[in-house]
Amino acid sequence: MYGNDFAPPEDGPGGGLLGEVEAAEAALREAAARARRGGPAPDEDFAAYFTDVIDADQKIEPRDWMPEAYRKTLIRQIAQHAHSEIIGMQPEGNWISRAPSLKRKAILLAKVQDEAGHGLYLYAAAETLGVSRDELVELLIDGRQKYSSIFNYPTLTWADVGAIGWLVDGAAIVNQVPLCRCSYGPYARAMIRVCKEESFHQRQGYEILHTMAHGTPDQKAMAQDAVDRWWYPSLAMFGPPDGDSTHSAQSMAWKIKRFSNDELRQRFVDMCVQQAEILGLTIPDPDLRWNEQRQAHDYTQPDYDELMQVIKGNGPCNRQRMEHRRRAHSDGAWVREAASAYAAKQRNKEKVAA
Amino acid sequence: MSELFDFTLGLGDDALIAAQRLGEWTSRAPEMEEDIALANIALDQLGAARLLLTYAGELEGAGRDEDALAYLRGDREFRNCLLVELPNGDFGVTMAKLFLLAGYQLPLYTALSGCADERLAAIGAKARKESAYHLDHASLWVKRLGDGTEESHRRMQDAVDQVWPYTHELFTADPAAPVDPATLRADFDAVVSAVLDEATLTRPADGWAPGGGRDGVHTEHLSYLLAEMQVLHRAHPGARW
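Chains A and B supply the protein sequences, listed in that same order.
Going by the numbering used here, the first residue of the first sequence is number 1, and it counts up by one from there.
Going by the numbering used here, the first residue of the second sequence is number 1, and it counts up by one from there.
There's no promise every hint is true.
Derived lysine-lysine pairs resembling BS3-like cross-links, with alpha carbons at most 25 angstroms apart [as the list claims (entries may be wrong)]: (1) Lys129/B x Lys220/A; (2) Lys196/A x Lys255/A; (3) Lys196/A x Lys129/B; (4) Lys196/A x Lys103/A; (5) Lys312/A x Lys72/A.
No lab work stands behind these hints, which were simulated from the structure alone.
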């Protein structure tokens, strides 16, 4: 791809997490090589077999029997993830036309394009569970399925593109790396691919902020302002605190989820502190400090009331994002209809010719 | 040397402005696959623009790099053809623009790949493969829309009618250029006619032939496009990004 023509900064983030993705990929291959039992024994019930596969850290595949609730949970989660990729194109796409150099423009275009690609293969992973992409797109457009609330915040300056890369993609990776070991095979495999590309995006965002933080005073102020605005919403990406999380326990048992919201949030904070120092930017939390006893940073929780408001549709950009998506969908209806009509005509012609 | 500079700058500006317009589609395409395809084509055009503008800057020898040329010129200094700066319109208009642009760029880059100037030949060799894909992609849509539904046929014919006059400028004779655009017209006509026929569309009659882009006399649209593209870069003179 054009534009991705620079070496990543040596001290850039993503290295450790990328290692985890690679380890998950190796584990996936290993599990496949171990070969699962050939299917439930004649006198064994399906549920026992399902549990057995999960316990053995093997993968559930599309044709396997699975509890209806497992299927539903996965469809919801994978679809929300896919929707997030598609809606997530908007806040960053907002800066493609104004990117401050041609190199940055190319990198950003390629990144937003990657997101469309992630959306596509996540919808494909969801389709293996017996739901169609069209149905899922309808659910998004009708507001019956959600997408990540982070994309309901506006990108006000170019530095926001950097902050999204560093913080939002960083939080997404911390969330998603464990999903590379998810018990559902197609989702785990999709996540391995997504995480590899996301870690590249995170480095690009970090590099944008690094350049700005070491640039003119105006640029540095812009970078700090972006971090100030994106820090807490990024922490909120991990979801409500463990005590209030509705889906967690069952998902943990099914090995869809491997760590709690708070564990992942802590991991993210610990990861960012050192990176912020290298960037020369300040994390906007006066109470952020190393806790020797816990071997982790103490930090201020995000405003969960605000998160609930944004989830309910009252964030700064919820309406704008949905309106944009609906308009693209309805404006394109005549094109999709024409494509189907043309394909039908071509099939008829082939039939006549045959 | 200034002749070669003008020529290279014109092609670089075509590609840059085409990329800028295509980039506007991001997250707005009729299908997700098309979002990816349009971004891909925008990236190809942007990549070609960067190579051409960098080379133009070297030919000029005044120390201007790709960004100085892209961000610090006004609309009267841009040398792109008018076709690429026209607003995107609906998806039919965008495909008509891309189809006609690729129908011109493919024979152009192909001819350039065999020209005496090594740098331009290398750029042409790389870009022509991309143009072949752009032409293929746009041709498919012109056929789908032209021979799809009644509505799509009407929209596609309107789009071709609307954009067609701007193709004439592309083939204005320039015998001193590394590739004389006038020599590309026959190729263009053959490809375009075949696709329009298959798409059940009527090739518009030749008549009004707006031009002036290569001399820096543009439509009203370009200044707005540049205002948006250049706003951040110009707000921070000398900053690195």
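Structure-based check of all given hints:
The straight-line distance between the Cα atoms of Lys129/B and Lys220/A is roughly 41 angstroms, outside the 25 angstroms bound, and the hint therefore fails. About 21 angstroms separates the Cα atoms of Lys196/A and Lys255/A, which keeps this hinted pair within 25 angstroms; it holds. Only pairs whose Cα atoms come within 25 angstroms are accepted, and Lys196/A paired with Lys129/B is rejected, the gap being roughly 28 angstroms. Using a Cα cut-off of 25 angstroms, the hinted pair Lys196/A and Lys103/A holds, with the two alpha carbons roughly 21 angstroms apart.
Among the hinted pairs, Lys312/A with Lys72/A is consistent with the structure: their alpha-carbon atoms are about 22 angstroms apart, no more than 25 angstroms.
In this structure, the earlier hints numbered 1 and 3 are contradicted, and the remaining ones agree with it.
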